[in-house]
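Protein chains in written order, with the UniProt record's numbering: chain A, 1 to 150; chain B, 1 to 150; chain C, 1 to 440; chain D, 1 to 440.
Just so you know, the hints here were simulated from the structure itself, not pulled from any lab data.
Quick reminder that beta carbons are idealized off the backbone N, C-alpha and C, glycines included.
Please note that a few of the clues may not be correct.
Residues on chain A that point at chain D, a partial pick, calculated with CB under 7 Å [what the hints assert, rightly or not]:
no.: 1; residue: 34
no.: 2; residue: 36
no.: 3; residue: 125
no.: 4; residue: 126
Here are a few chain C residues that sit away from chain A, every Cβ distance over 12 Å (derived from the structure) [what the hints assert, rightly or not]:
no.: 5; residue: 26
no.: 6; residue: 57
no.: 7; residue: 58
no.: 8; residue: 68
no.: 9; residue: 129
no.: 10; residue: 175
no.: 11; residue: 178
no.: 12; residue: 274
no.: 13; residue: 291
no.: 14; residue: 361
no.: 15; residue: 362
No more than 30 Å apart at the CA atoms, straight line, and that leaves these computed lysine-lysine pairs for DSBU-like [to be verified]:
no.: 16; chain 1: D; residue 1: 435; chain 2: B; residue 2: 129
no.: 17; chain 1: A; residue 1: 139; chain 2: A; residue 2: 80
no.: 18; chain 1: C; residue 1: 435; chain 2: A; residue 2: 16
no.: 19; chain 1: A; residue 1: 129; chain 2: C; residue 2: 435
no.: 20; chain 1: D; residue 1: 275; chain 2: A; residue 2: 139
no.: 21; chain 1: D; residue 1: 435; chain 2: B; residue 2: 123
no.: 22; chain 1: C; residue 1: 42; chain 2: A; residue 2: 129
no.: 23; chain 1: A; residue 1: 129; chain 2: D; residue 2: 275
no.: 24; chain 1: B; residue 1: 99; chain 2: B; residue 2: 16
no.: 25; chain 1: B; residue 1: 16; chain 2: B; residue 2: 123
no.: 26; chain 1: A; residue 1: 123; chain 2: C; residue 2: 435
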Amino acid sequence: MQLENMYQEIILDHYKNPHGRGLREPFEAEVHHVNPTCGDEVTLRLHLEGDTIADVSYEGMGCSISQASVSAMYDLVLGKTVPQALEAGEHFMTLMQAKGDPSVAEKLEDELEDAVAFAGVSKYPARIKCALMSWMALKDASARAWGGPA
Amino acid sequence: MQLENMYQEIILDHYKNPHGRGLREPFEAEVHHVNPTCGDEVTLRLHLEGDTIADVSYEGMGCSISQASVSAMYDLVLGKTVPQALEAGEHFMTLMQAKGDPSVAEKLEDELEDAVAFAGVSKYPARIKCALMSWMALKDASARAWGGPA
Amino acid sequence: MTQTVSRPSESSGVARNAPLPLDVEAIRADFPILTRTVRDGKRLVYLDSGATSQKPRQVLDAERWFYENVNAAPHRGAHQLAEEATGAYEAARATIGGFIGAPEQEIVFTRNTTEAINLVAYALSNAATAKEPEFRTYAVGQGDEIVVTEMEHHANLVPWQQLCERTGATLRWLGLTDDGRLELSNLDTVINERTKLVAITQQSNILGTINPLGDIVARAHEVGALVLVDGAQSVPHQPVDVTELGADFLVFSGHKMLGPTGVGVLWGKYDVLDKLPPFLTGGSMIEVVRMEGSTFAAPPQRFEAGVPMSAQVIGLAAAVEYLQALGMDAVEAHEKALTGYALEKLAEIPGVTVIGPPDTVARGGAVSFTVEDIHPHDVGQVLDDHGIAVRVGHHCAWPVVRRYGVPATTRATFYVHTGYDDIDALADGIRAAQKFFGTV
Amino acid sequence: MTQTVSRPSESSGVARNAPLPLDVEAIRADFPILTRTVRDGKRLVYLDSGATSQKPRQVLDAERWFYENVNAAPHRGAHQLAEEATGAYEAARATIGGFIGAPEQEIVFTRNTTEAINLVAYALSNAATAKEPEFRTYAVGQGDEIVVTEMEHHANLVPWQQLCERTGATLRWLGLTDDGRLELSNLDTVINERTKLVAITQQSNILGTINPLGDIVARAHEVGALVLVDGAQSVPHQPVDVTELGADFLVFSGHKMLGPTGVGVLWGKYDVLDKLPPFLTGGSMIEVVRMEGSTFAAPPQRFEAGVPMSAQVIGLAAAVEYLQALGMDAVEAHEKALTGYALEKLAEIPGVTVIGPPDTVARGGAVSFTVEDIHPHDVGQVLDDHGIAVRVGHHCAWPVVRRYGVPATTRATFYVHTGYDDIDALADGIRAAQKFFGTV
Ligand SMILES: Cc1ncc(COP(=O)(O)O)c(C=O)c1O
Ligand SMILES: Cc1ncc(COP(=O)(O)O)c(C=O)c1O
Ligand code: FES
Ligand code: FES
Numbered sequence: 001m002q003l004e005n006m007y008q009e010i011i012l013d014h015y016k017n018p019h020g021r022g023l024r025e026p027f028e029a030e031v032h033h034v035n036p037t038c039g040d041e042v043t044l045r046l047h048l049e050g051d052t053i054a055d056v057s058y059e060g061m062g063c064s065i066s067q068a069s070v071s072a073m074y075d076l077v078l079g080k081t082v083p084q085a086l087e088a089g090e091h092f093m094t095l096m097q098a099k100g101d102p103s104v105a106e107k108l109e110d111e112l113e114d115a116v117a118f119a120g121v122s123k124y125p126a127r128i129k130c131a132l133m134s135w136m137a138l139k140d141a142s143a144r145a146w147g148g149p150a
Numbered sequence: 001m002q003l004e005n006m007y008q009e010i011i012l013d014h015y016k017n018p019h020g021r022g023l024r025e026p027f028e029a030e031v032h033h034v035n036p037t038c039g040d041e042v043t044l045r046l047h048l049e050g051d052t053i054a055d056v057s058y059e060g061m062g063c064s065i066s067q068a069s070v071s072a073m074y075d076l077v078l079g080k081t082v083p084q085a086l087e088a089g090e091h092f093m094t095l096m097q098a099k100g101d102p103s104v105a106e107k108l109e110d111e112l113e114d115a116v117a118f119a120g121v122s123k124y125p126a127r128i129k130c131a132l133m134s135w136m137a138l139k140d141a142s143a144r145a146w147g148g149p150a
Numbered sequence: 001m002t003q004t005v006s007r008p009s010e011s012s013g014v015a016r017n018a019p020l021p022l023d024v025e026a027i028r029a030d031f032p033i034l035t036r037t038v039r040d041g042k043r044l045v046y047l048d049s050g051a052t053s054q055k056p057r058q059v060l061d062a063e064r065w066f067y068e069n070v071n072a073a074p075h076r077g078a079h080q081l082a083e084e085a086t087g088a089y090e091a092a093r094a095t096i097g098g099f100i101g102a103p104e105q106e107i108v109f110t111r112n113t114t115e116a117i118n119l120v121a122y123a124l125s126n127a128a129t130a131k132e133p134e135f136r137t138y139a140v141g142q143g144d145e146i147v148v149t150e151m152e153h154h155a156n157l158v159p160w161q162q163l164c165e166r167t168g169a170t171l172r173w174l175g176l177t178d179d180g181r182l183e184l185s186n187l188d189t190v191i192n193e194r195t196k197l198v199a200i201t202q203q204s205n206i207l208g209t210i211n212p213l214g215d216i217v218a219r220a221h222e223v224g225a226l227v228l229v230d231g232a233q234s235v236p237h238q239p240v241d242v243t244e245l246g247a248d249f250l251v252f253s254g255h256k257m258l259g260p261t262g263v264g265v266l267w268g269k270y271d272v273l274d275k276l277p278p279f280l281t282g283g284s285m286i287e288v289v290r291m292e293g294s295t296f297a298a299p300p301q302r303f304e305a306g307v308p309m310s311a312q313v314i315g316l317a318a319a320v321e322y323l324q325a326l327g328m329d330a331v332e333a334h335e336k337a338l339t340g341y342a343l344e345k346l347a348e349i350p351g352v353t354v355i356g357p358p359d360t361v362a363r364g365g366a367v368s369f370t371v372e373d374i375h376p377h378d379v380g381q382v383l384d385d386h387g388i389a390v391r392v393g394h395h396c397a398w399p400v401v402r403r404y405g406v407p408a409t410t411r412a413t414f415y416v417h418t419g420y421d422d423i424d425a426l427a428d429g430i431r432a433a434q435k436f437f438g439t440v
Numbered sequence: 001m002t003q004t005v006s007r008p009s010e011s012s013g014v015a016r017n018a019p020l021p022l023d024v025e026a027i028r029a030d031f032p033i034l035t036r037t038v039r040d041g042k043r044l045v046y047l048d049s050g051a052t053s054q055k056p057r058q059v060l061d062a063e064r065w066f067y068e069n070v071n072a073a074p075h076r077g078a079h080q081l082a083e084e085a086t087g088a089y090e091a092a093r094a095t096i097g098g099f100i101g102a103p104e105q106e107i108v109f110t111r112n113t114t115e116a117i118n119l120v121a122y123a124l125s126n127a128a129t130a131k132e133p134e135f136r137t138y139a140v141g142q143g144d145e146i147v148v149t150e151m152e153h154h155a156n157l158v159p160w161q162q163l164c165e166r167t168g169a170t171l172r173w174l175g176l177t178d179d180g181r182l183e184l185s186n187l188d189t190v191i192n193e194r195t196k197l198v199a200i201t202q203q204s205n206i207l208g209t210i211n212p213l214g215d216i217v218a219r220a221h222e223v224g225a226l227v228l229v230d231g232a233q234s235v236p237h238q239p240v241d242v243t244e245l246g247a248d249f250l251v252f253s254g255h256k257m258l259g260p261t262g263v264g265v266l267w268g269k270y271d272v273l274d275k276l277p278p279f280l281t282g283g284s285m286i287e288v289v290r291m292e293g294s295t296f297a298a299p300p301q302r303f304e305a306g307v308p309m310s311a312q313v314i315g316l317a318a319a320v321e322y323l324q325a326l327g328m329d330a331v332e333a334h335e336k337a338l339t340g341y342a343l344e345k346l347a348e349i350p351g352v353t354v355i356g357p358p359d360t361v362a363r364g365g366a367v368s369f370t371v372e373d374i375h376p377h378d379v380g381q382v383l384d385d386h387g388i389a390v391r392v393g394h395h396c397a398w399p400v401v402r403r404y405g406v407p408a409t410t411r412a413t414f415y416v417h418t419g420y421d422d423i424d425a426l427a428d429g430i431r432a433a434q435k436f437f438g439t440v
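Please put together the full structure from these sequences, using the hints given.
Given below as structure tokens:
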């Protein structure tokens, strides 16, 4: 069984008990992303205080991987500055391109916290988009809410 | 060498010395046919006296087979009634579908005269259209010039 | 023929139905890919023939024979290879036409069903701007209507949306009932005097529904509309005869019926084809070309521009011969038996809901389902881990999943090499998924 | 590499040129079809690669590998086969892109060159009716002009005539000089501020001419026009790099470059592709589909509707690798040597006239000729009887034969397996035709 490799305990926990779920006010940007291959979607709101992410609230339907990913992302980026969050997004992208290489996951463990559990997903090309959907939404929302360092 | 099979002496004679070539008056119908695969063409005029083909005059460019075919057709249909000529056309079509079967040619020898020499052409699918071009033109011209038995 | 490969599954309370009409074991031996294993040595249980079918050796051999012996551009060239290639290509056209009861001059080769549908859709908008009066017969424009159904594959929906966008025509559609059938109560208002074309699938790729085409064709022809039947999921799985169908167009894909990728078919009534302007233009479909303008060949050449997918056409003819040797009645009966068995097996599993007709009446072998509290993709992932290949998602029929209030489904589809053992594996796999995600 | 298979022909006064750059004997061993005989046991002398090329074993094996091991619909399905099929398909895209110096997301797969050109032509008319503002960027309409040349293949002429018919735009063209070159003296008036697109071949399939694209691309971009280069006869025969070409689109066919039938390529600059509306619509090219309307994926998926010709794409990548192993510089040099030799050999025969540039300067290996007082098809027939496969007719470039006042030509084209012996056979065959028809 290779299944446990992808569906790590941490992932199933986030899936069953998502952190930060629900759409909340206030917010500076709201985006809606769709995964065209499966039809799953996420609506994501971003609330900033200065450079800092004060809230990420979201709603949507999707598979365990996409739902767990947005929950783990919530934990990871809350309280970070936007540049820090975008950097984490880059790390997560690197993890998704690792094709299951454990050394990549090892190196990113500190940066990605729970989200490093998604390492196994990178062995299943059809699921990478699931894990990335919320990160793409966050990037998009950041671009709208935040003009970058002035 | 199978070449002689297709390029019968009779065919080469008609090609080098075509019978009835040239466009003449009077005529009741003029048609222009093109072979789209090679670009060759024939212009054909039909002159009737009553039911009888009094003249078939033609001009055009084309390969040896097409040129010899129109010349042999001229000999065959001149003086025939339109229904007789169309019947000869049917026989010629049968010959072209014979895939080189000599028994077909044998049976049609009386009806087709010189034109039976085209039997060898039926073994070369790409050349069948060459041999048929003038017969198609004649059929077309007959339909225009002649309303059929009233 | 007897079916020996599958043994009754111990866990099942459902009695096996009669022996399957096809000799599954013998057929499997013809499919090289079925000897491979997946996910660490598991037998490949291929239940995704609805997306694309696997190919028997006979089809691969036919293609290779073409390339190694007669490869040349058909209808171009006066040498022996070109003659033989042309002969093989046109003989294949006759074989494929014969399979659906059509004369060869009504068979147009396309890449797939999608291109065949687009061909018709573009011909109708081209008709509106054609300079040749005879090509304007079927012109579509403002005030005209095109009718589809809510169960169409995107391939039989989006091209008509786009035709409407190009021409100003309006798209209308027949809806669906709760049990996966067409809502026909408003047939006579949806299809009306303004309707120019009705495009409808014969078998739904997601619900399995087989539609009552007779009534729809009759109504369409009553108002003078053309009818295009999407046979992508019917022609591979049941006998289809265009003379009985009564439609104007039938489209299907080679890759879904044991044939190669890259070849599909548009059948059209000759008189209709003859009045349509060309779609793709270029070599081999012309009559005379001048810089100032061109005229076009008669069908089917008018619709086959450029050097064609010759080897694939030859391969598709071999696929047709393979199916004919099995007999399409037997293929249909085989899949009906499997479908009945699958519906029973799935009904036994708590939490599993089939989307589509619940029994085998007017129903083909596409079995879509949801599993309570597990996302379809996660179900598919567990099945994959067991070596079972299914499709997950909206199956290119997004409006259907939306209609039934689910985000997506997991879908199993059957074919000539499918046996009871494959369906047992599916049922066991679903139970494993429930266990894995802790929903039971 | 040395060339041992051909011996100097006794009858020839022309000295053999240097040893050929490619090892013809070794290459021939890769092509199964070259072992067959034609017309009662004669060696097949295949001089019709310009129509379609033969396929090496490596290409046929790659296709078969795909079918026997990973066949599934790419980008559709969550099982291992679908993953592997998608991986192979996208890896092939990268390989084929690399061959012309393009990133993979700029490579769109089509059936052939013809479809690729039609894709662009329809996208430009669809742009005029698109509801999305960004898709209207390149809209073509009344008052706009499309520019082609008089040497285009029908595939690069008729689609533009039809685009003009659909939109009311005007077609203009560059003419030809007596020695088979483009007439460029009026370049600046033919390509002007009204020009929306210039479509031009890199190598003429009938004259062999290689066109000076640099000047034409520069002028087109000066006036803001797009440039489409027809690479059907260049990409198989010479190194082509899109970054050096400077054009916006490049199109070519797999079957002319040792690849399978049924697959072609549209390369487009990403920024241009991104602003084009879709052409064929259906599955796999969408973003969101509702009954009321749909949105579309980014390129290249936007232009690849339906289940693709996956196996053929894999086969084309194998063909590309085969050509890369030979080296495209060597392929070009090889054909140049053969062309020079052929032009000399033909010049020796009284009554033979070459239509096209008389030497190898800016000239590829399509050698078209007429033989005094013998119709081209009759020449071809005698050659065929000697086992020599050539093409006869207007070669889908009817305006060219009309321009040079001949009804048609006989054409020999060369490729990697062509040797001096093939050209000797051609020359001998022409003499035999003259003898047979009694013109000498
Ligand atoms: C220059 C040129 N353009 C376009 C084409 C059309 O290619 P295809 O028939 O593969 O679409 C050809 C060959 O037929 C050609 O030689
Ligand atoms: C009902 C139906 N129509 C059309 C299509 C499109 O077929 P293709 O992708 O081969 O063009 C499919 C399958 O994908 C289908 O199931
Ligand atoms: S299956 Fe849709 S996001 Fe995972
Ligand atoms: S080659 Fe043109 S008619 Fe014979």
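Taking the shortest Cβ-to-Cβ distance between residue 129(C) and chain A, state whether it exceeds 12 Å. holds, 32 Å
Please verify whether residue 435(D) and residue 123(B) have alpha carbons no more than 30 Å apart. holds, 23 Å
Is it true that the CA of residue 435(C) sits at most 30 Å from the CA of residue 16(A)? holds, 15 Å
Say whether it holds or is violated: residue 175(C) keeps its Cβ farther than 12 Å from all Cβ of chain A. Non-interface label on residue 175(C) holds, nearest chain A Cβ at 19 Å vs cutoff 12 Å.
Checking one constraint from the list: CA of residue 435(D) to CA of residue 129(B), max 30 Å. Satisfied? holds, 25 Å
Interface-negative label, residue 58(C) against chain A, beta-carbon threshold 12 Å: Residue 58(C) is indeed farther than 12 Å from all Cβ atoms of chain A, at 31 Å.
Does the closest beta carbon of chain D sit nearer than 7 Å to the beta carbon of residue 36(A)? holds, 5 Å
Satisfaction of the residue 34(A) interface hint, Cβ to chain D closer than 7 Å: Holds, because the Cβ-Cβ distance from residue 34(A) to chain D comes to roughly 6 Å (cut-off 7 Å).
Take the C-alpha atoms of residue 129(A) and residue 275(D), compute the straight-line distance between them, and say whether it is at most 30 Å. Holds, at about 24 Å.
Should the label of residue 274(C) as a non-interface residue stand, given a Cβ cut-off of 12 Å to chain A? holds, 39 Å
Against chain D, run the beta carbon of residue 126(A) and see if the smallest gap drops under 7 Å. For residue 126(A), the interface hint holds, since the closest Cβ of chain D sits about 5 Å away, which is under 7 Å.
Does residue 123(B) lie within 30 Å of residue 16(B) when you go C-alpha to C-alpha? The given pair, whose Cα atoms are some 23 Å apart, holds under the 30 Å limit.
The structure meets every hint from the earlier list without exception.
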